[in-house]
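S.K.: Spelled out from the first residue to the last, the chains are:
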Amino acid sequence: MTEHHIKLPEGSIERSTTTLNLGPTHPATHGVFQNILELDGERIVSAEQTVGYIHRAFEKLAERRPLYQITPLTDRLNYCSSPINNMGWHLTCEKLLGVKTPKRVDYLRVIIMELARISDHLICNSIVGVDSGAYTGFLYVMQYRELIYEIYEEICGSRLTTNIGRIGGFERNFTNKAFEKLEKFLAEYPDVLREFQNLFSRNRIFMERTMGTGGIAAERALNYGFTGPNLRAAGIDYDVRVHTPYSSYEDFEFTIPVGKSGDNYDRFLVRNDEMWQSLHIIGQAYQKVQQFKGAEAEVFHADVPAYYLPEKKDVYSKMEALIWHFKIIMGETDIPPGEVYQSVEGGNGELGFYLISDGGRTPYRLHFRRPCFIYYQAYSELTKGAMLSDAIITMSSLNLIAGEMDA
Amino acid sequence: MSRPVRFNTTPIVADPKDNISLVGMPAGYSGEGFFATKMSDVVGLARKNSIWPLPFATSCCGIEFMATAASHYDIARFGAERMGFSPRQCDLLMVMGTIAKKMGPILKQVYLQMAEPRWVLAVGACASSGGIFDTYSVLQGIDQVIPVDVYVPGCPPRPEAILDGFMRIQDLIGKESLRRRTSEQYKALLGTYGIQ
Amino acid sequence: MALTNITIKERLIAKFGDQVSGFEEPYGMLTFESPKENNLKVLQFLYDDEELRFQFLTDLCAVHYPGQTGRELAVVYHLHNLVDNIRIRFKVFTDIEKPDVFTATQLYAAANWMERETYDFFGVQFVGHPNLKRILNVDEMDYFPLRKEYPLEDQTRIDKDDEMFARGGSSL
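Chains as they are written, first to last, in my numbering: chain A, 58 to 464; chain B, 1250 to 1445; chain C, 1111 to 1282.
Calculated directly from the structure, the hints in this document are not laboratory data.
Be a bit skeptical, because a hint or two may be false.
Cut-off 27 Å, straight-line C-alpha distance, at most; resulting in silico cross-link-like pairs (DSS-like, lysine-lysine) [said to hold, decoys possible]: (1) B:1436 to B:1357; (2) A:152 to C:1258; (3) A:350 to A:238; (4) C:1243 to A:64; (5) A:241 to A:160; (6) A:241 to A:345; (7) A:152 to C:1201; (8) B:1357 to C:1270; (9) C:1270 to C:1243; (10) C:1258 to A:384; (11) C:1119 to C:1201; (12) A:160 to A:317; (13) C:1258 to C:1243; (14) C:1243 to A:441; (15) A:160 to A:441; (16) A:152 to C:1119; (17) C:1270 to C:1258; (18) A:317 to A:152; (19) C:1243 to B:1357; (20) C:1208 to C:1258.
Computed from a predicted model, the values in this text were never measured in an experiment.
Let the sequences and hints guide you as you build the complete structure.
M.R.: Here you go:
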């Protein structure tokens, strides 16, 4: 609890602090959260955060909806990389229901998730650039985000809140057009990323603004529950894809980039390196997918008619398929009772789903372990003693997505 | 099994020398060295092609707005080059994203700080009606707290849809009467929201 | 020797005896419970022990079971041992009349906001928390919305017709 107008010791610029309200509507707060800063001149003495300006009661909503209707809710958690949230939710349901997905589905899922990760890191890094004054990087990479959106559109029809996939796989096979666009992306994007990196990584102004600001020690980061690129920038190589592999991530070779001091510059570099690793993973996954030939290349879902909508021609001709179709659409499928915790490596860290089912048609309790919410607590410690402009850069380099923070 | 594509099978290739559209002149009477038209037409023409929007982006629609403002869809060619973040300097309040009850008073405060003439564009299902979030904490549409001019449905609306909404606002601005903001009807409208 | 669920269970029973109970392994994650007075002792033991080393708090949430009198609110801790890569789930049950649970903020700084969220949604009072006030809902809210007895929708809204949304409406 911060007091306002704190008395300052001798030698400070002012006699008592100035209170500055940053947010919730502010160009620098990407998403709605508020910081009440106590300033001594330009130095921050303390910061108090207020969140909840976009609290949409996801957890209460989920108790009302059958499993498939919760996927659109998960889209809106970290909306910059919604396929990862969707896949995480489907993995949770598959764990609860005991569904095993075929390898081709896993590899396709990996492609989509890594594309989503690239899309999320692009937003974060280009916005760090915009906040430090460099608008060009943002405009330049948004072109390639549009290409990623086109790939999503080929598969599921929508750009941003994708609602992609189903329990057991995907709703349709990836078309040749989708693979063409993926190849175009793999061919053109590395040069773009290299150019984007060259704009910032050794840029004197950018380095001076981001090095040494907003840093956190590794032990403090762990204690604060940091995960994802922010934790890896502090030096701990914890990545859910490696520690508890899901969706056949163990079949891929990739490294986990790790920083040293956890400051803004390290976070920027870690995210850039993760984009390179994601490209590497997508390339491997694409090769693996192309090795499936003939009938295997047509597999895009697991054979679980109880949870995966049967094909329309079966619904019109077979009785069981009609019953499954009806039950799934009306949300009356039998979910076994139990509690399960599944986590995926989201754009910001470990996105966890804690699902308790009591055998009814909707979850009894669904809790989202949201990484943004957990690490935003540390913001007051990260900005203690920093200048006001550093606080702005710290806020955007932490990649705070308000939808995930408030849920 | 996907259906064959029926529309837009031969898309037009952009030709910078040919496809440049100019803003049309308002109807009027012209002669050598003069052009007479209605004041409201001229003022409307000037205002609608140089709107300074205030992007009030709260959630997912904000990311689609960023895509609209980026170079692919480019809202700047409609005159919205300068995105202001100060309500005192902006004409159009674009509310993009869910407004929770906690945020409602802040939205109203931002609207009150804007100077007349001001317009409001509600982008997305959440701003129009609460969207998919029919819960205790979400404001079911921003028209509960501020008067809205154009609603853009979608979750999130495609950038083309946001541009379409923007063009409708431009139509409204172009045809607006100069006396609207001081009229009894407008004051009554604001009165229903508790704004003097 | 790798750390397994059996080893963890044995160490816990060896240290706490019958204070820990309800051992289950749903989907491979060891789950157990303890009376709410012991929650800090168990967490501290899991943190400090050289073999167990559960030094990462993954998640803290609550569940409302209105049917179980005397044990309505469950506070669930998900802990993670990053070195040996094991997760466990630890539950404490509390009465809804007096939902006081000791705070874990001294041990894990991450618990600060997670406990505030749990208080906001369920009304669990965390004893010793530095700043226990509402975090996600409006400050003036006077009830705890995620408890089962409260409805999802805002009852004062006039534009959404419950009957059209198949929720019974005025006829029921």
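S.K.: All the hints need checking, so say for each whether the structure fits it.
M.R.: Results of checking the hints against the structure:
| no. | hint | result |
| --- | --- | --- |
| 1 | B:1436 to B:1357 | holds, 16 Å |
| 2 | A:152 to C:1258 | holds, 26 Å |
| 3 | A:350 to A:238 | holds, 20 Å |
| 4 | C:1243 to A:64 | holds, 25 Å |
| 5 | A:241 to A:160 | holds, 24 Å |
| 6 | A:241 to A:345 | holds, 18 Å |
| 7 | A:152 to C:1201 | holds, 21 Å |
| 8 | B:1357 to C:1270 | holds, 22 Å |
| 9 | C:1270 to C:1243 | violated, 31 Å |
| 10 | C:1258 to A:384 | holds, 26 Å |
| 11 | C:1119 to C:1201 | holds, 14 Å |
| 12 | A:160 to A:317 | violated, 36 Å |
| 13 | C:1258 to C:1243 | holds, 21 Å |
| 14 | C:1243 to A:441 | holds, 23 Å |
| 15 | A:160 to A:441 | violated, 48 Å |
| 16 | A:152 to C:1119 | holds, 24 Å |
| 17 | C:1270 to C:1258 | holds, 22 Å |
| 18 | A:317 to A:152 | violated, 36 Å |
| 19 | C:1243 to B:1357 | holds, 25 Å |
| 20 | C:1208 to C:1258 | holds, 17 Å |
Violated hints, listed in ascending order, are 9, 12, 15, 18; each of the other numbered hints is respected by the structure.
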